[in-house]
Structure formats: structure tokens, C-alpha cells
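Those protein sequences? They're chains A, B and C, same order as listed. Counting from 1, position 301 in the first sequence corresponds to residue 746 in the working numbering; the numbering is continuous, with no gaps. Counting from 1, position 254 in the second sequence corresponds to residue 699 in the working numbering; the numbering is continuous, with no gaps. Counting from 1, position 269 in the third sequence corresponds to residue 714 in the working numbering; the numbering is continuous, with no gaps.
Treat the hints with caution; some may be incorrect.
[As the list claims (entries may be wrong)] Derived BS3-like pairs: lysine-lysine, alpha-carbon spacing no greater than 30 Å straight-line:
1) A:689 - C:503
2) A:653 - B:598
3) C:503 - A:545
4) A:563 - A:777
5) C:689 - B:777
6) A:503 - A:545
If you are wondering where the hints come from, they were derived from the structure by calculation, not from laboratory data.
For reference, the chains in residue letters:
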Amino acid sequence: MSAPSDKTSAGNFFEDFRLGQQIRHATPRTVTSGDVAVYNGLFGPRFAVQSSDVFARKIGYPRAPVDDLLVFHTVFGKTVPDISLNAVANLGYANCRFLKAVYPGDTLNAVSEVIGLKENSNRKTGIVYVRSRGYDQDGVVVLDYVRWVMVRKRDETAAAPEEHVPDLPKSVEPADLGGACPIINAEAFDTALSGSPYRFGDYKAGEKIDHVDGITVEEADHMMATRLYQNTARIHFNQFTESKGRFGRRLIYGGHAISLARSLSFNGLGNAFHIAAINGGRHVAPLFAGHTVFAWSQVLARAELPGRADVGALRVRTIATKDRPCADFPIKSGDGDDPAVILDLDYWALMPR
Amino acid sequence: MSAPSDKTSAGNFFEDFRLGQQIRHATPRTVTSGDVAVYNGLFGPRFAVQSSDVFARKIGYPRAPVDDLLVFHTVFGKTVPDISLNAVANLGYANCRFLKAVYPGDTLNAVSEVIGLKENSNRKTGIVYVRSRGYDQDGVVVLDYVRWVMVRKRDETAAAPEEHVPDLPKSVEPADLGGACPIINAEAFDTALSGSPYRFGDYKAGEKIDHVDGITVEEADHMMATRLYQNTARIHFNQFTESKGRFGRRLIYGGHAISLARSLSFNGLGNAFHIAAINGGRHVAPLFAGHTVFAWSQVLARAELPGRADVGALRVRTIATKDRPCADFPIKSGDGDDPAVILDLDYWALMPR
Amino acid sequence: MSAPSDKTSAGNFFEDFRLGQQIRHATPRTVTSGDVAVYNGLFGPRFAVQSSDVFARKIGYPRAPVDDLLVFHTVFGKTVPDISLNAVANLGYANCRFLKAVYPGDTLNAVSEVIGLKENSNRKTGIVYVRSRGYDQDGVVVLDYVRWVMVRKRDETAAAPEEHVPDLPKSVEPADLGGACPIINAEAFDTALSGSPYRFGDYKAGEKIDHVDGITVEEADHMMATRLYQNTARIHFNQFTESKGRFGRRLIYGGHAISLARSLSFNGLGNAFHIAAINGGRHVAPLFAGHTVFAWSQVLARAELPGRADVGALRVRTIATKDRPCADFPIKSGDGDDPAVILDLDYWALMPR
Chain A
446 MSAPSDKTSA GNFFEDFRLG QQIRHATPRT VTSGDVAVYN GLFGPRFAVQ SSDVFARKIG
506 YPRAPVDDLL VFHTVFGKTV PDISLNAVAN LGYANCRFLK AVYPGDTLNA VSEVIGLKEN
566 SNRKTGIVYV RSRGYDQDGV VVLDYVRWVM VRKRDETAAA PEEHVPDLPK SVEPADLGGA
626 CPIINAEAFD TALSGSPYRF GDYKAGEKID HVDGITVEEA DHMMATRLYQ NTARIHFNQF
686 TESKGRFGRR LIYGGHAISL ARSLSFNGLG NAFHIAAING GRHVAPLFAG HTVFAWSQVL
746 ARAELPGRAD VGALRVRTIA TKDRPCADFP IKSGDGDDPA VILDLDYWAL MPR
Chain B
446 MSAPSDKTSA GNFFEDFRLG QQIRHATPRT VTSGDVAVYN GLFGPRFAVQ SSDVFARKIG
506 YPRAPVDDLL VFHTVFGKTV PDISLNAVAN LGYANCRFLK AVYPGDTLNA VSEVIGLKEN
566 SNRKTGIVYV RSRGYDQDGV VVLDYVRWVM VRKRDETAAA PEEHVPDLPK SVEPADLGGA
626 CPIINAEAFD TALSGSPYRF GDYKAGEKID HVDGITVEEA DHMMATRLYQ NTARIHFNQF
686 TESKGRFGRR LIYGGHAISL ARSLSFNGLG NAFHIAAING GRHVAPLFAG HTVFAWSQVL
746 ARAELPGRAD VGALRVRTIA TKDRPCADFP IKSGDGDDPA VILDLDYWAL MPR
Chain C
446 MSAPSDKTSA GNFFEDFRLG QQIRHATPRT VTSGDVAVYN GLFGPRFAVQ SSDVFARKIG
506 YPRAPVDDLL VFHTVFGKTV PDISLNAVAN LGYANCRFLK AVYPGDTLNA VSEVIGLKEN
566 SNRKTGIVYV RSRGYDQDGV VVLDYVRWVM VRKRDETAAA PEEHVPDLPK SVEPADLGGA
626 CPIINAEAFD TALSGSPYRF GDYKAGEKID HVDGITVEEA DHMMATRLYQ NTARIHFNQF
686 TESKGRFGRR LIYGGHAISL ARSLSFNGLG NAFHIAAING GRHVAPLFAG HTVFAWSQVL
746 ARAELPGRAD VGALRVRTIA TKDRPCADFP IKSGDGDDPA VILDLDYWAL MPR
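Produce the entire structure from the sequences given, and follow the hints as far as they go.
This is the structure in C-alpha cells:
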């Protein structure tokens, strides 16, 4: 008999992080048409550009690109073992930009830099701000985003690192959008095939859209998605432990709600074919298996992209709820909170002009 | 604040259809080996031609073709947002012919023509007959079928379109079979590898086959399948709404039972490697998660294909049941109805001679 | 009306087997990147070599190989309809060697030889020993293993075949390891990307590793996995029948626990990138949906591979449990049995030196 091994990683705790620290994450991942198919089976997206090589080629892509959110979740998943294995809560995202289209066969890896640290007053936890970048096999950045997360301390008495809270933009500038979208032939964008007649010019700021439909989530669904992303956050997978935990059950990965809301948003935003940036996002209430997710969106702004006549950008706020249809556009912010709201997402989507 | 958007599609209601109307459906879809893998994970088919590139090549295919039913469901799924989003019931199929083999990498789209309309006497609903065609990237028809569906009216007082009920063949003629099957080398069809020693000549009309096994359906299974097909019919996905609906729960897509029955039928029809045509099909009772599906088949007829010595066609009637083994061949038609029967399918399958 | 068909296979019973009998199994299967994606979605493995074409190429593979266990389950699945359709229990594995790497696009088939037979004293069942080999499209053996299984007799009064119990090695010799692993460039094995800093030289015999995490199994998960392998064992799929059976519910395929334990073992054995051989394995208790699987491992031995300076082999014993964390390394053997133990697996894993 010998002593237990020290080979197991317990993840980083708050006091393990240092400002400016660079973390190269495991595990590199070749994204395949198989991953795309599993993603499609889990969320049922219907955006034509990602669904059809023929449609994508006709407008100027070399082939159908991988769904933006599958890229996001894959890169995000890599950061979990180092950043958020001991997280209490994933607090928010900012300045997330999709910089290069990803195609089946590309291999993604991720690197994060710690850009902010702030101990909480209870000294039990602290907030870690990281800027994470996803790279392809050529070392080109495909995705760049900031997230902040509340992480437990291993030892409450440990000294806190120097406090620094980064200055984060409220939204991505229109001039910084579009890197992951080639110049497209907007005339060749066949709106009968794409499933919606509405182009960039047909939307106006302030417009609200109820996406009508709902999708019920099963335990098998969200676990399969999260395993596909190689996301190892324990709270999603382990009913034995979670049955004694905070919620009494497995918590669904926040990104699952984002993907469901995006799929639902096809009904109303069918030509918003590319997420160019995520300005911010908050998971305002937990989602569990058995819940039915609904969503609605509001167009916050419209922007032309400097030098591009092919596409325009809609700034969209999408709200997702659980077990609550969205015909009356529920929100959760200050007065009039609706406890059914689970997601408040602010992003830029590109549409053909 | 601004008014709600009109960007959301509510689907077509009975009074929206016109005889002769042509509808080009969204969303084109490139079918990949990933889609095939998800399909295999959901149904477990074991027909050698679709399972092995090597087996397929040996008998004369360029590679393993995509399962016929995955092609069917994909094309069918495209028609849902335009044809059956407001359907009360999917009433039947006829004259469904598989005209060209589909391979991974092919891109499918669909077009439907309204070929019949008949308002029901209650004036609340009407029956819509559509002929739907699936096309590949070269514009070649791969699938052609008729289905009819009962659709709600938006407004009960709306004038009904002129009534027309199309004349539909009871079955596809043998001379019209085989377009999707290249001339094969029947001698190279290795029956040890294919899993059944029985060829076309070994079956006789009237023969009944109990497929013995049963497969229990989970909510996660049928939703994943139906999302994979980009089928948006609401009743399959939304437990919140359906809990207050007709059944109190999500209804499983009828095609799910067809695929399960087909997979089960391998045990007894292992060399019936290709569905050349579906003569007719009725979903005679609803299927829900938790049910176990069983199936049996009867050979209705045998037919040689004009000019082809390589394959013969069996006309097969396959009955599927829920929570009821089929050793005594239950049916549901007129006297002696068995409420456990869920599917009554009549199709032509090709077998090597 | 005609008599029931004899086309259905009831599988082989104990008295159907003959010593030396060779069985070519159906159905050949082309393994695709889609299969890999479904497997990843079901188990979430994170070993870099199988996850990234770029990582694999950098160390000397032509591309990312298919996960060893997906190869194992695929070959195993083919043997089920002929060997274990009427099995009472899968008793064990021995001398399992992975002989050639499998890549997406390869086509697998399987052949078994009956190498042992022993009727049980109750005369109702007997033990069948088979040596099964998986072949690729070129007829090269990729996998070779022995398993033994308790099979029902069709007729208790049937004469038993002559008894023969094969002599099986307790473990595979180090000299017989590594056929499926090309000579790698161990220096190019980037341990930041692979997710663990520990190489072959960092492990010592006797070392115990708690893999910490747990994964809860759903019915949809294990059925999808087992259908993906085209494994037709009835007890996994049919709740209607099993509700009246031995356990009152569907029994999960034993290989499911092996794959879960392997994925969990990444935390502690992150660079054990290839299973070169399985010395033995026993499913010591049944696993059902709803259970959470945990695992721990002990390094039984370390071995250099003759003539190879690139990789070394760890002999690892991995124990998996249900609903029981493994911090105190539970076992089930003789005194001190722990009923939570479900799997006791002994294998050789290769690691970079």
C-alpha cells in the first residue's frame, strides 16, 4: 500500500491566480462535421449559412462554417478546468468577438490571461476576470472574450492578491465586427431558402420579437452538449453530489440556454446568420432539466459596418425564460423582476443588406 | 417602447393554401457523416449497405448511402414550417418514391405543391394534400411523396378554397422502383456480413415475421432526432404547453416510429437493404416517451423489377405497437382493433436476388 | 394467411456452439468522425491525441486516432447477435490487445472463434469462451481479445459439448504492447496542451489515484451509446420486458462503465493516451440509469517496451463505483466487499517518456 497520489488536479482557487498570468489550456480539439451534427441534434438551429455548404458557397463562404456558439462553447469548455472548476457562479461575459470563421477540420485551442482580481468582503471567495482567446491550427485568433467568475478560496485566511477591476466596454464597436464573416454576395442570399424575408433594412431599433416556441430540456441533452465541449464543470454531471448541494440537482451549463435561445430566435431573426460579437450576458437564474425554455428579443440598435455594403449589424437583446411564454416580453432588471427570466444576452448579429 | 414585431412566422392556416401553390421550403441542409452517426445512435440500424463503405462498394455503390429514412425525415422536416405548423394531425402518406441515392456531403432542399384541399364539415379545419419533392445540390429529385394533413383555420368564418381531392395510387408500380439503387452485384452481397442468409427468392407473399425485439423511447431520443431533421413541429418539444394540451405531454414525431420499426425489422428482413418506395402509412395511435416499440411485418407481394436481374422488391406491411410484443401479429383495422398498434406502414423494399 | 416466418434469428444457445467454430459476424461498419463526435458527446474524453489532429500529427500519428474503447465497443457489438444474445451474464475479458490504430474512414468487421465450452452443473446454462478479432478494410487485425459469457441452453436436456476451458494469460506481456501506437516524438508531447504534467517516469507502482469526479447516467445516454455500437443485447433497450425481468429495469451495457471510468481517469492519468491492452475486466455489479459513476485507479506495475524509448506502459487497475465517491479507494474482492463497486478493470496504458 502506498500514499494517495498527487496527480489529480483540484483546479485553481482564488488565491492561486495572479494578475497578468497566462494560462495555456488543455485539450486541443479538432472540430468535425460530427460535432456539428451532434450540436444540431441538441439545438436544432436552422440558419441556412451554417446548415448548407451550397448556400454558404453561393454567398461567398468556402463552405458552411461551424455555428458560432459551438465555437464559443468549445473554447469556453477548455478554460473550465483552469479557471472555473471551483467557481460558485459564472457572473458575466464582455467584449466577446468572433474574429475568424471556423470550419470542420479546424483545430481549436485556448489561452487565458488573468486581467482582474477582487476578493469578496466575506473573504471566502473572489472574482476572477479572464480574457480568453481561441486559436486555430495556424495560431490565428478565432474568438476573444472576457468573462468573470466568482471562485472559492482554498483557504479563507490566505492573503488576497492585489485588487484590480478591469475597465470593460459596454459593447463592441461596429468597426470591430465582421472579421469572421467574409464579404458576402447579399443578392445571392436567397430568402426563400433561408426561411425569412427580412433583411437588415427591415428591422428598426426598439422592435420586439416574441420567438413563440419553447423547448424542454432533458438531463441527457445538456450533459451531452457539455461533454461535447469537454466542459468539466462538476455541477452539470453529478447528481449524487448535487442532490446534497445548493439546488438539489444538476445545474445546466449557462451556455445551453444561450444556444437554445439562439435556435428559438430563428423565428423572427432568420437571416441574422452570424453572431459577430457578444456585448454582454448574464445568467440571471438557474436552469434545470424539465424546464421549457422560451425567448424573445429586442433590437437595441442597427449599425452599418465601415467599408461593407454587404451586411449590417443588429444589436439584439435576447431574454430567455423557463416555463413562461414571452408574448408580453418579460424582463428581470430592477423593478418588475420576473423570476422566470434565466438569460439576458446582448449581442451583435450580422444580416444581409 | 415599440409595437411587437411582425417578423415571426405563425405558419400557414387552412385558408392560406391554394390549389397548385408551389412552396420552396427553408432550410437547405448538407447531410454529413455526422448526421448519419447521430441517426445510428438514435435507432441502431444494422443494414450493411448503409453501415459500411466497403460493403457498399463491393456491390456497386460508390460508398455507403445515407439511410433512406434519414433522407425522408430531412426532407419532411423542411416542409413542416410551411405545411404543418398548425396541423391537428398528420393523416397519411402516399406514392413516396426514393429516386436517387443520397451520400454524405449532398445538400438537400425541398419544394411542395398543394395538390388537394378539402374543408372539414365543422369548418374549423381542412385537409391539405401536398406533393413534396426533395432535391440535391444538382437540382435532381431524390425523393417525391404525397402527404395529407389536417390543418386548423385561422378564422372559422373564412371562405374555404375550392375543394379538390387528388386521386392517389394505392401503391407504387414495380416499374417505378429502383431509381435510388444502382445496378448491384448480387453475388458480391455477402450474406454472412449482412447478417441474414435470406435473399429475395426466400420470401413468399403472405409470410409474417415477428421482429421480436423492443426499444423504449426516451424524451431526449425523439427530440434529438426531430431537431436533427430541423423539424419544428411544436408538439414534439414543448412540455410546458403540451402539459395543458390534448395529451398532457409531448407527442413523438410519427417518423420516429417508422425509423424504430425499420431498425427492428432487421431481425427477419436483414437483406431488405433499401426502401424503394412507401405506398402508404398511417400513424394510428400516438406514441409517447416511456413506451416500448415492437414491430412485425407481412410480405404483401413480391415483384421483379423490369430489366433488373440484380434485385427484387418485396411489398411489406410493417405494423408497430407500443408496450405490446407482436408474436401474434396484432393489427388495427376494422374489427379486432388493437389499441396498442401505432403504425401501419406499406412499403417496397429491395433485396438482392 | 400463412404460417409465421422462420426468418428471425433467435441467436445461439449454449448447445449450438462447437469448439473451434469460426463465426464471421455482421455488420461491417465504417467508423466516421461522426461516430467519434457522438462518442465524445456521451463520455466527454479529453485525451489530447484522440481529440486533436494537430496534436496527434505533432507526435507522429497521421491524424487523431479513434478512441480505443470506441473500437472495442464497435467490435464487441458485432459479436453480440451470434455470441451473447442469450447470455445471462458477461463474465470476463482477457488478453485483449489493440494491434493497429483505427482512423475515421476505416471499416471494421469481426470474427470469433469458440475456444472454450463448459456446461454449468445446473445444466441450464454453460460458459462460452470466444476469441474475437476486429479487422480493418485491409484484413489487418486491429483488436484481438477473449471473453467468456454465460449462455442459456435452449433445451436443458440437450447434450453438452465436450468441456474445454482455455488457459488464459493473467496479463499481456509488455513485449506484446504498442502495435497500435506509432513511434512517437515524446518531446513534442506538449503537456500543457495535454492537460497533465506527469509522464511515464512520474508514476510508481502502488500509487493510487482518486479520479474525484462523477457522471450520472441517463437511459438516453446508454441506449444511444449501445445503438451506436450496433450492440443488440435486448436487456439494454426494452423496458417493457425488463420491467418483468430480473432487475425490473434496463441493464446498462458493461462497456458503458468502462468508457465512463476511462473518461473520469483523465483527472490523474491525463497522459495515459492509449489503452494498449486489457488484461482482464469484470463487471461485478449491475449499473442502472440514475446512478452516478465514480472511479479510482492504482498503478499495478510499470514496464518499458522492448526497443522503444518513446513510451512506457503503466499497468493500471481501475475500479468504478456507483453512487459512491472513491476517496478511500473501495474494492470488491473477498473480505471487505463494497457493494457499490461495479467494475474491476486491469489494463496497460501507454504514456510518453
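Hints and how they fare:
{"no.": "1", "hint": "A:689 - C:503", "verdict": "violated, 44 Å"}
{"no.": "2", "hint": "A:653 - B:598", "verdict": "holds, 26 Å"}
{"no.": "3", "hint": "C:503 - A:545", "verdict": "holds, 24 Å"}
{"no.": "4", "hint": "A:563 - A:777", "verdict": "holds, 26 Å"}
{"no.": "5", "hint": "C:689 - B:777", "verdict": "holds, 26 Å"}
{"no.": "6", "hint": "A:503 - A:545", "verdict": "holds, 19 Å"}
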